[in-house]
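Engineer: Top to bottom, those sequences are chains Z and E. Just so you know, the first sequence maps onto residues 16 to 144 in the working numbering. Just so you know, the second sequence maps onto residues 16 to 144 in the working numbering.
Please keep in mind that the hints were generated in silico from the structure rather than gathered at the bench. Don't take every hint at face value.
One copy or two, either will do: identical chains are not told apart, so a pair holds if it fits within one copy or between any two.
[Stated by the list, open to error] Below, simulated PhoX-like cross-link-like pairs (lysine-lysine); rule was C-alpha separation at most 25 angstroms, straight line: (1) K141 to K25; (2) K40 to K141; (3) K53 to K137; (4) K25 to K137; (5) K141 to K51; (6) K87 to K73; (7) K87 to K51; (8) K141 to K53; (9) K83 to K141; (10) K87 to K137; (11) K40 to K83; (12) K25 to K83.
Quantities reported herein were computed from a predicted structural model and do not represent experimental measurements.
Number of protein chains: 2
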Amino acid sequence: MNTVPTFQRKSIQRDAILEVLASTKRHPDAIWVYEKVKQQIPNISLGTIYRNLSELSKNGMILELHAKDNVKNYDFTVSNHAHFVCSSCGSITDVSSTDNTVSTIDGNHIDYMSVMYYGVCKDCLKTAN
Amino acid sequence: MNTVPTFQRKSIQRDAILEVLASTKRHPDAIWVYEKVKQQIPNISLGTIYRNLSELSKNGMILELHAKDNVKNYDFTVSNHAHFVCSSCGSITDVSSTDNTVSTIDGNHIDYMSVMYYGVCKDCLKTAN
DNA sequence: TTACTAACTAATAATGATTATCGTTACTTG
DNA sequence: CAAGTAACGATAATCATTATTAGTTAGTAA
């Protein structure tokens, strides 16, 4: 992503968090990761989950999604790809193609779509950021 | 969007909110709308802003964006279109084309992009939702 | 016009996800 | 081993949003 200040020390907790993320096709939120990691490290703190998820995404090692109201979801796959968000069960899944003309994708019914580009706008580029 | 239960009564406050949204190219959040509407209706409550923005987006009259951490932004244009989010100043602007191969769009530098489809997943479709 | 009532509002309390703080633990290098 | 410090656990604080409550307004019908 941007400049990447790598972690200075490895930690069992962070490894466990990454492992949990890598082992699922879900795009879980912090609480889900917390529950899973607790099975290995029962006394891990929720703050540790939040801190590491935040740092990992800042370092470009995982992807932070803003798919749902007020909740962040995390994705082990960092390469650009599209997601489908179910308005009924709330699941977030990867989609195989990017086509903005269809009303059905991978068998899921689409109500609407959103494309977001993230970066630095031309005004900020001028002001030497 | 979905089924649209229209508002049963008109309200000066809601009209003012829509007017503010229609009059800007920005994609403001609730606080920004609040500050603007207060210029017309000084004693309007923040709760009224939140309630009406929520209802308006449920009715498909405006679009609710989840572009940034923990903040909802609203868009008067409801048709499917792409947005650019600046990581420096936080501005959200419409982009003119949807092309996932470029690294620059409308003069803005792109770090990464996100495509989201919203709807009902195939599993939920089966369970007759 | 007046009474009725649903829908709306302002004010404010509650919620819930996330972030910050702070004392402690445990690498890591000399 | 000891000093320095990254990362942790526990918990308090924050902040956007939602819910609640009591009061007001607007449409309707007698």
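Engineer: For K87 vs K51, is the C-alpha pair at or below 25 angstroms within one copy, between two copies, both, or neither?
Structural biologist: within (17 angstroms within a copy, 29 angstroms between copies)
Engineer: Treating 25 angstroms as the Cα threshold, decide for K141 and K53: within, between, both or neither.
Structural biologist: Answer is neither; intra-copy 47 angstroms and inter-copy 33 angstroms both fail.
Engineer: What label fits K40 with K141 when the C-alpha limit is 25 angstroms: within, between, both, or neither?
Structural biologist: between (40 angstroms within a copy, 21 angstroms between copies)
Engineer: First find the shortest C-alpha distance between K141 and K25 inside one copy, then the shortest across copies, and answer within, between, both or neither for a cut-off of 25 angstroms.
Structural biologist: neither (38 angstroms within a copy, 45 angstroms between copies)
Engineer: My question is about K25 and K83: at a cut-off of 25 angstroms on alpha-carbon distance, are they close within one copy, between copies, both, or neither?
Structural biologist: neither (31 angstroms within a copy, 29 angstroms between copies)
Engineer: How would you label the pair K25, K137 (within, between, both, or neither) given a Cα cut-off of 25 angstroms?
Structural biologist: neither (38 angstroms within a copy, 40 angstroms between copies)
Engineer: Regarding K141 and K51, is the shortest C-alpha distance of 25 angstroms or less found within a copy, between copies, in both, or in neither?
Structural biologist: neither (45 angstroms within a copy, 29 angstroms between copies)
Engineer: Up to 25 angstroms between alpha-carbons, please classify K53 paired with K137: within, between, both or neither.
Structural biologist: So K53 and K137 fail the 25 angstroms test inside a copy (44 angstroms) and across (31 angstroms) alike.
Engineer: With identical chains, the pair K83 and K141 could be close in the same copy or across copies; at 25 angstroms between alpha carbons, which is it: within, between, both, or neither?
Structural biologist: between (33 angstroms within a copy, 23 angstroms between copies)
Engineer: If the cutoff is 25 angstroms on CA atoms, where do K87 and K137 land: within, between, both or neither? Let me know, please.
Structural biologist: between (27 angstroms within a copy, 23 angstroms between copies)
Engineer: State whether the alpha carbon distance between K87 and K73 is at most 25 angstroms within one copy, between copies, both, or neither.
Structural biologist: The answer is both: 14 angstroms in one copy and 21 angstroms across copies each meet 25 angstroms.
Engineer: Is it within, between, both or neither when you check K40 against K83 at 25 angstroms Cα-Cα?
Structural biologist: both (17 angstroms within a copy, 24 angstroms between copies)
In terms of the numbered hints stated before, the structure departs from hints 1, 3, 4, 5, 8, 12, listed from lowest to highest.
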